[in-house]
Amino acid sequence: MTVLVLAELDGGAVAKASLSAVAAAGKLGGDVDILVVGSGVDAAGAARVVGIRKVLVADAPHLAHPSAEDVAALLVALAPTYDHLVAASTSFGKNVMPRAAALLDIAQVSDVVEVLGPDRFKRYIYAGNALATVVSTDPKRVLTVRTTAFAPAAAEGGSAEVGKVEVPAASGLSAFVGQEVSKSERPELTSARIVVSGGRGMGSGENFKLLDALADQLGAAVGASRAAVDAGFVPNDYQVGQTGKIVAPDLYVAVGISGAIQHLAGMKDSKVIVAINKDEEAPMFQVADYGLVGDLFKIVPELTEELKRAKSS
Amino acid sequence: MKVLVPVKRVVDYNVKIRVKADKSGVDVANVKMSMNPFDEIACEQAIRLKEAGVATEIVAVSAGEPKAQETLRTALAMGADRAILIESADELQPLAVAKLLAAVVRKEEPQLVVMGKQAIDDDSNQTGQMLAALLGWPQATFVSRLKIEGGKIEASREVDEGLETISLSLPAVVTADLRLNEPRYASLPNIMKAKKKPLDVIKPADLGVDVAPRLQYVQVEEPAARKAGVKVGSVQELVQKLKSEGGVLA
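Chains A and B are the protein sequences, given in the same order. For the first sequence, the numbering used here begins at 60 and goes up steadily by one. For the second sequence, the numbering used here begins at 1448 and goes up steadily by one.
Hint data in this document are derived by calculation from the structure and do not stem from the laboratory. Just so it is clear, CB atoms sit at the ideal spot from N, CA and C, and this is done for glycine as well. Please note that a few of the clues may not be correct.
[Unchecked claim] Calculated lysine-lysine pairs in the DSSO-like style (CA-CA distance at most 27 Å, straight line):
1. Lys199/A with Lys75/A
2. Lys1463/B with Lys337/A
3. Lys268/A with Lys1688/B
4. Lys1467/B with Lys181/A
5. Lys1470/B with Lys181/A
6. Lys367/A with Lys1688/B
7. Lys337/A with Lys1690/B
8. Lys357/A with Lys1678/B
9. Lys1514/B with Lys1642/B
10. Lys1463/B with Lys327/A
11. Lys1674/B with Lys330/A
12. Lys330/A with Lys1678/B
13. Lys1690/B with Lys357/A
14. Lys1688/B with Lys181/A
[Claimed, not checked] Now the in silico label distances, taken between C-beta atoms and shown as ranges:
15. Val1462/B with Ser230/A: 37 to 45 Å
16. Asp289/A with Lys1449/B: 29 to 37 Å
17. Ala1476/B with Val236/A: 42 to 50 Å
18. Pro198/A with Asp1647/B: 46 to 54 Å
19. Glu339/A with Gly1500/B: 50 to 58 Å
Here chain B stands alone, though its shape is the one from the complex (with noise of 0.2 Å):
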């Protein structure tokens, strides 16, 4: 079975991101990039089924600008067979993103695709329920847990109330929350072996998707600061204040 796992690159987790001054947008010239943490673990589980004789090929592929490919070199050395980067210098956003990935899933043909529930930059949370949508196929969306066998998906997903168990038949989308695994790192002799792995660049257009945002980002500015408070000595003086300024213990 071959298995599709979208990866994006953003701006790395730990990053403090600063808004630009004009409010057009949030400076990310020269910030550490990493790849999206959700799609790190759509990666590990592509690799585990692999490993576990389910999955026989993982095909890597991001969107976005050239330097995406330092992203799918990490997911070749984390253990993707090949990549594919939609190389483009437009603004992406999920529906133009779901679009191009249906479109290479056409071509590519996979049973599954696996990738991040939300990226951490946009925070949209979109993209593999739009990709399901736009294949037809069944989704399985913030799973925890996963098992494929006889051509069937048994997937736990985290919901508000707890964890709910769903079957979903091949082919799938499965996005991946923070407890479905731990995701490895690339050992020096694999990052070494992925950069003679096959990369192919192709454009929107190869792929015939439209992908002119549809949601203009008008204005982004930097939110309401919180000021930090006070310390206070002992756990009395704490519930003293919480009763009297704080107003919130009666």
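Next comes chain A alone, as it looks inside the complex (with noise of 0.2 Å):
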């Protein structure tokens, strides 16, 4: 049996993401290739991820910035030699992976949180209040994996062979014509050691500078509740739940959050979960670890300063 993960790149290595997705892949049982797809893709830092066969390098001037047309095509033309098609449940992988899966006349399984066998796997749905086994009849899998799920496969120490693959045609369907990338020297949401994210109570998205100082002191990455997304407050990138991020740092620090269902279904897997709200009945206060009650206001900066204090004693 092979499996065949589609990987993402972060400068010349493989993204953290997918490398949860090579280890998810690696629970099938069976050999694992990895393809990559870009133009001048160097595929150095792919080939010593470990626990991989084969990296599949598709290298093409209109893969500089590959659509969800292209990359499945791709896939198809590979698809003959493999039994499982995998890749991490990011943006990337969520646009690509149900079109070749239509394509090649699969249903998929979004979002895995656990490979049972090679056709058995778990994942939730309803927000994350209900967790399913899911069996798939298909002669070929397609899966996208809960990134948080599956600890990163070793991203050094392997040395597998490296080939190109030849390249469908473009489909000439769609063209990138921009991106406004979100800058932040904080850490990355979805793979921070410490999250702290704002809700509605925010009351703006001034207010969120609080946070940016809390989060500063902690090293964090800053998140959001939808209720602040939809209220303006801060872009979508920031949001943590069932149809933005799903989160699972060691903690995560809720402020003026209320806890609504899909809230939780992005965060609940987390440590260590603080919840700071002055409604002392707010659901979050049911799934965290330590509650504090009160003006967000006067209890952030206070915070941010008793950490300040904390470190420099």
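Join the two chains into one complex using the hints; note that each chain is given alone, in its own frame.
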């Protein structure tokens, strides 16, 4: 049995999310190859990932900003020799994999959190309120995997064979125009060890500066609830929840977040949860390890100061 | 330009669902049902395209049990012109729904399909991408800004790193993300008018589509619950606890 993982590159290395996909692929049993896609691809880093047999390099000018149409066509071309096609549940994986699955007439299993066997998986439904065991009856399987559920494969230590693959011609159906990348000195939200998130209780985007200061003290990433995104306080890439990003840091600090079902779906696997809210009935307190009831505009600066003091003493 | 808007009837987003005791599934009897929130956003976008003179007709489509007619009436009350229900008592999974929608598209020949990026019940996030694949159309998923001009779409997509803008040729499939718009509420006169708008009911067999599920949901269980922790009295106590018990602060 063989597995192909569609991997994303971050600079010269395989992105952490894709390393989690490699780890999940390893649990399927069988050889794992990875596919990297781009223009002028440096596959040296990919070849050092532990646990893989081969790195397939799809290198073509039209893959510089790979479209779902072109990557799906590539996966379909490579599919005959593989039993499983796997990608991380990133915005890239979620965009591409169902397209490839439909072209192959395969029902995809999305956002797998546990591999029970080559055709048997666990995944959450209803915003994480039910955990389903799913059996795929198709001859091949297409999976996306939740990255927080699989510890990433080691990025260094392997020495896989690297080979180029033939790239189908560009579909010409869509074209990349541009991107606005949120620039931040802070760790990336989905892989940060500590996350500080704000909700509607923050009151404004301006007030998120309070969280920035706290995050700087903790070396944390800053996230937000859907309510805060809806209210326009912060951009959508801050969103933690069912339809935003799924995070599972060591410490999650929820500030002014009531704890709607769909937000909890994105963070309840965090190791330690702290809730700060003026409403002591807020559902967030029911999942928090430590709750502090009070005015966040007083508590957050105080907490930032206390951490600063604790650090210098 | 004709626009097709697929809508799904789902358990309302405010309902805390219960897993059945025999682990056979989720208990959806007697719970409030609504239009999938992302489909509402898609529907709103189609209506705005019509108001802007870009779209000429909006056809809402749903697949599922007879009660999905209610969801289609909601779409009609918001501003869709007519509706089609593909009625089926069977479990319809994303690939089957994509095939049904592709068959409807071939009949109706819209230039654009706008739908939600994900349904909040099975959280699959597949149907739009699959539909685009089956039709051989380009796709713009997770869209938060949409411009249609001169037979081209320019769409900004919500990606993990921020925003990505792509251009697509028509016909195309667009899936709506949260920030695309804020859906309107249907007014009472429009709800009354919607009752008179045409709603056709057809069957999967009429479209020649095999909807047999490929995935078996063999067990559905309650996820491990998190226990509520303790309330602390002060910031100092919190920091101290995080250091001693939590072990997450150095």
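Need the status of pair Lys268/A, Lys1688/B: alpha-carbon distance at most 27 Å? 25 Å, holds
Given the hinted pair Lys1688/B and Lys181/A, is their Cα-Cα distance within 27 Å? Roughly 34 Å between the alpha carbons, so the hint for Lys1688/B and Lys181/A is violated.
Does the structure keep Lys1467/B and Lys181/A at a Cα separation of 27 Å or less? 17 Å, holds
Has the given pair, Lys1463/B with Lys337/A, been kept, meaning a C-alpha gap of at most 27 Å? 23 Å, holds
Is 46 to 54 Å right for how far apart the beta carbons of Pro198/A and Asp1647/B are? Since the Cβ atoms of Pro198/A and Asp1647/B sit about 36 Å apart, the hinted range of 46 to 54 Å is violated.
Going straight from one Cα to the other, do Lys337/A and Lys1690/B come out at no more than 27 Å? Holds - the C-alpha atoms of Lys1690/B and Lys337/A are around 24 Å apart, at most 27 Å.
For a C-alpha distance cap of 27 Å, please report whether Lys1690/B and Lys357/A respect it. 22 Å, holds
Within 27 Å, alpha carbon to alpha carbon, are Lys1463/B and Lys327/A? 15 Å, holds
Given the hint of 42 to 50 Å, check if Ala1476/B and Val236/A actually sit that far apart at their C-beta atoms. Holds, since Ala1476/B and Val236/A (Cβ atoms, about 47 Å apart) stay within the stated range.
Next pair to validate is Lys330/A with Lys1678/B; report whether the Cα-Cα distance is within 27 Å. Holds, at roughly 17 Å.
So if I understand the rule, the pair passes when the alpha-carbon distance is 27 Å or less; does Lys1470/B with Lys181/A pass? 14 Å, holds
Honestly, do Val1462/B and Ser230/A meet the 37 to 45 Å range at C-beta? 41 Å, holds
Checked against the numbered hints listed earlier, the structure breaks hints 14, 18; every other hint is satisfied.
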